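Spelled out from the first residue to the last, the chains are:
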Amino acid sequence: MYKNYILTILFLTGLIGITKGQTTEKEFWTNSRIELSGTYDALNHSVGFMAKGKKELFNTRKFRGFAGFALQYSYQNETDKALNQGLIGYNNDFGIYAVFDLEHAYFKSKKFFTGLEPFIGVTVLNSNGTLNLPDYEISEQYTNTYTYLNYGVTSKIGYKFGGFQPNIFFVVPLKGLFDKGRNRVGGMDSRILVGACVSYTLKSTR
Amino acid sequence: MNAQKICIPFFEAYHTIYLLDGDGYFNELSHIILDEYPDEIVLVGIGYDGENKRHSDFTYPEDDLLPHSGNANLYIQHLIKELIPFVEDSLLIQTTQRTLAGHSLGGYFGLYLLFQEEFTNPFDNIISASPSLFWHDAFLLGLEDQFNSSNDSLSVNLYITMGDSEGVTMNTLFNALNNKIKSRNYKDLIFDHERFENTTHNNNSIKSFRKGISRL
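Chains as they are written, first to last, in the working numbering: chain G, 1234 to 1439; chain U, -7 to 208.
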């Protein structure tokens, strides 16, 4: 697990170096973005949000590149879902990631865009709850924490309205890609998320 | 039912493993078995030719959670009257011991087969990975109570597993069933249970089958 932390810290440190190197004539935040998204994991019935801050790295005629950080949170309520009664519990996870966003703008107006955003970071998955079934003389409690390296790619499609770039996206974790499928994607530690995002450009020069 | 063409010496006897959800797990588990037990085990993956009916075949009783569920008794009859005779009498595979391995609803089915009293359990070993013990409001806990009220022995080698990251419902029910079984002191029962660290529901299947087979 420490290996995961070290890897993530190296990525994040490198990211800070990249973004610092871009600061010359423009202010640091010029054309940077802040993003807020709502997310849904249909396979595990959890809802959540993501918040991102991204610094523009380059902007060509068709392509825009950003690097930044993302925070992600998901919550799954288990209370009285699988059982009619007797269970009180939840699972949640919190993640911090480095993100690298590559957008491709279409048409002359360059307002319509698609994007791919690889991410890598650390996620902490927590479970907590109790089970009480008096008919069976059962009383159980369960708590668990699992911290792991998380990586994957976000794919998005959106449209630019002034300084805003609303988009819809899905997140595909890539666990399993390098182990012949041993790890099945779609579990609680490899969530497939769909979501809607509002992105805002700070100090836009375009 | 699909049967792959196989070539095995008739004069040998084998440990035969019946794997539920063969569509999803046969390929991966067969590689493990070929690597680790090439001359000892015959693996029978049970899958579906067309529509997957695991929600119907592996469950009892019927529950609104999944449509057309609750036909586990028919599936038990299929195993006892058709599949096992086909493997042992038609394919002429001599069997030293039979194991049933299932995951999730398949894991539930293995436990249901064990504690229902309408049909005799034809398996010597049951590997129940991540059993869906929540089915029909934890019906299986009541079934085990009922079984215990009229039986003091349980002739099987039972191995139940859970991933620690499968959530509260799965893990608390896992604890509850294990504690119940341990408290019974059934005669003839060999019982072991294990919670795998850093393991989610989907990733507990092959891990459990592999470990379960290694301890038989």
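Hints were generated in silico from the structure; no laboratory data involved.
Predicted, not measured: the structure shown is a model, and the values here were computed from it.
We put the beta carbon where it would ideally sit given N, CA and C, even for glycine.
Any given hint could be a false lead.
Stated by the list, open to error - For lysine-lysine, the following DSS-like pairs were computed, each having C-alpha atoms within a straight-line distance of at most 30 angstroms: (1) U:179 / G:1314; (2) G:1314 / G:1393; (3) U:172 / G:1436; (4) G:1314 / U:73; (5) G:1314 / U:174.
Claimed, not checked - Every beta carbon over 10 angstroms from chain U, so not counted as near; a handful from chain G, in silico: (6) 1267; (7) 1319; (8) 1323; (9) 1338; (10) 1366; (11) 1422.
What the hints assert, rightly or not - To be clear about the criterion: a stretch of chain U counts as covered by chain G if any three or more of its residues have a C-beta under 8 angstroms from a C-beta of chain G, and this derived list gives those stretches: (12) 60 to 74; (13) 85 to 98.
Quiz item: Of the hints stated earlier, which fail here?
Solution: Hints 1, 2, 3, 4, 7, 8, 10, 11, 12, 13 contradicted; others consistent.
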